[in-house]
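Chemist: Could you put together the complete structure from these sequences and hints?
Protein chains in written order, with our numbering: chain A, 231 to 532; chain B, 1343 to 1701.
FYI, nobody ran anything at the bench for these hints, they're computed from the structure.
What you are looking at is a predicted structure, and each value in this text was computed from that prediction instead of being measured.
The beta carbon of each residue, even a glycine, is placed where N, CA and C say it ideally should be.
Check the hints yourself; a few may be wrong.
As the list claims (entries may be wrong) - On the chain A side, residues computed to face chain B include the following (Cβ under 8 Å):
no., residue
1, K261
2, E266
3, Q309
To be verified - Straight-line alpha carbon distances no greater than 20 Å define the calculated PhoX-like cross-link-like pairs of lysine-lysine that follow:
no., chain 1, residue 1, chain 2, residue 2
4, A, K397, B, K1677
5, A, K316, B, K1518
6, B, K1694, A, K397
7, A, K490, B, K1567
8, B, K1646, A, K454
9, A, K310, B, K1515
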Amino acid sequence: MQEIQQKFCQEGYIGNRSIYTSVFLAQKLQKPLLIEGPPGVGKTEIAKVLAKIHHTQLIRLQCYEGLDSYNALYDWNYQKQLLYLKANSDVNEERLYSEDFLLKRPLLHAITSSKNVVLLIDEIDRADEEFESFLLEILSDWQISIPETGTVTAQHIPYTILTSNRKRPLSNALRRRCLYLWIDYPSFDKELEILQTHVPQINTKLAGEICGFVQAIRDMSLAKRPGVAETIDWAMSLTLLNASHLEPQIVDELLGVVFKNNSDIEQVKSVLPDLMEQIAKTREHKEPLQKLRTLMAIATNE
Amino acid sequence: MNNFNKHLTQFFHYLKQQGLAVSIAEEIDACHAVMHIDILNRQTFYDALRTCVAKTYEHQQIFRQAFYEYWYSGVVRQEGLANSSSGEKGKGHSQKGEEATHQKSQKNGARMQSMFSYSPLHSIKHKQHFLPVADKSLQRTIEQIAWQLASSLDRNYRRSKNKRFDLRNTIRKNRKYHPDILHLHFCAKKKRKLKLIVLCDTSHSMKDYNYFFLQFIFAFARRYKEVKSFLFNTQLYDITPQTQQQNVRNVLLSVSQSGTRIGESLRAFFTKYRHLISKSTYIVIVSDGWDRGDVNLMEHSMEKLQHYSKGIIWLNPWSATPGFEPTTRCMKVAKPYIEVLSSVHDLDSLKKFSRLLCR
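Modeler: Structural data, given as structure tokens:
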């Protein structure tokens, strides 16, 4: 497990122990890993890093409303079949439904791969319930039934990661077939570490202020709370603008980088003077920025 | 079976007692998982078991508590083990021994009851007429119900089981390839999107109730754009833009709480916002029906609203009270035009209301 931790860190993924344990067990038990959590906390990134550390291919299936087996599993190359029929007068049905005319979609591609690949089924909650039920056979038996040719069984079981933002509840049948991992927003220290890894040129003071700000903001009732991805984007933007610390004007100008909703921006703007004041205080008194969250909570209640 | 496996099995049993439905497959997974980890490291042991048996965020919270109770406090574990070992040895025991075991299990049962008879979530679920408390877990649950409803209604495409071959479109799109047909076209039915208009009475008697219901409507409106929200007392207020930006408390504070004139308000709504109503629109009126306005005007407005909309849902906070009868002057007049008379006063009724809209 320590090996996984090391490799994840080498690839720039700073996680916690429960993440490493879940990934380790998913590999050992050859079970899919269902990852849930708020948007932007690094769910999809786990699959990407996993592919990198195993030097293997990442096959991604992005789920959406109306996704069906023709787009996820396989389809017949109808045009090619038609041309083949025109060119050859003597054709038997078996030849027409052979692998030559089969269009492999991500799931079949992952199952028939000659080595262990990483299969990412991203945002499964966006797909319809019918598709979720259809996945059950694949995730439990690692096989796919194609009516025209028969059953295809996996040569190598792919490392499978499913992610969900909990837009709709997933079925118990799907959950039972997976190991489960919940990823929450990181703690102050963890977020600081992530920021310093992803934006190495950032100064520690600014990074600390950014993390303190974001941590305090996450306690507010917002339509979309900023994730780690937004924190990194914000840090990059501030670094590009050569900011050494957070100033009210620059924060106000860059709110659109962190908040993706007008109502959220308005709400944050209303508490911005308080927040900036608290940041300035912590800066003057050299108090740890972790306290910002508590200070903000007190200020808001007052 | 060694001692550790016994503990593990008992722990799964204990999880089931706590309401975590652990299946046999998950138990087997957990047993396999512990073979791959260092079980002396409690944190790793905890993570491994949690990954295998707790499959939702809420279940992880239950698991966390159960894990600490079982493996850390040790009381539950020791008593459980003692019970099971006495059960194994008890075949040849004397009657005295059996009595002692029976007493012990009774004690254990009583202790378990006293430990777990209170559930905060259960009490929240059935609490009526919510006060404007800043309960985060409650807010989160309300938001979750609203989001689930929004996401189920937002899907205007429904994959039809009998996806039909669209011959007309196929022929039209393949004319240039004549006589071959290169592109096949299929069609599926589209689900008509539900529209919702909420009219909420803000008189003083509705204060607490409104706070609870509007929390749901605000969360719902943030995710689902087909919601129009209005408040009314002696006049009508369009709060649709505010649902996107402000919190419930601020909106309610900005509106006076004096008197109710439902008839006049409904007429004002129909005159000004007639264009919002269609046959896919549900009109939700939230009021206790205590009104001093013109009843004839109200009847006329209700008739028109019913005629042009999909249906009228009336949410009366008192309708959940046993023996409730709509006997107020206003409710008697409105009753023939109401499709559903209900109440949304707790989480269960809120879920019921969501299901009604999904229908």
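Chemist: For this structure, which hints from the list above don't hold up?
Modeler: 4 and 8
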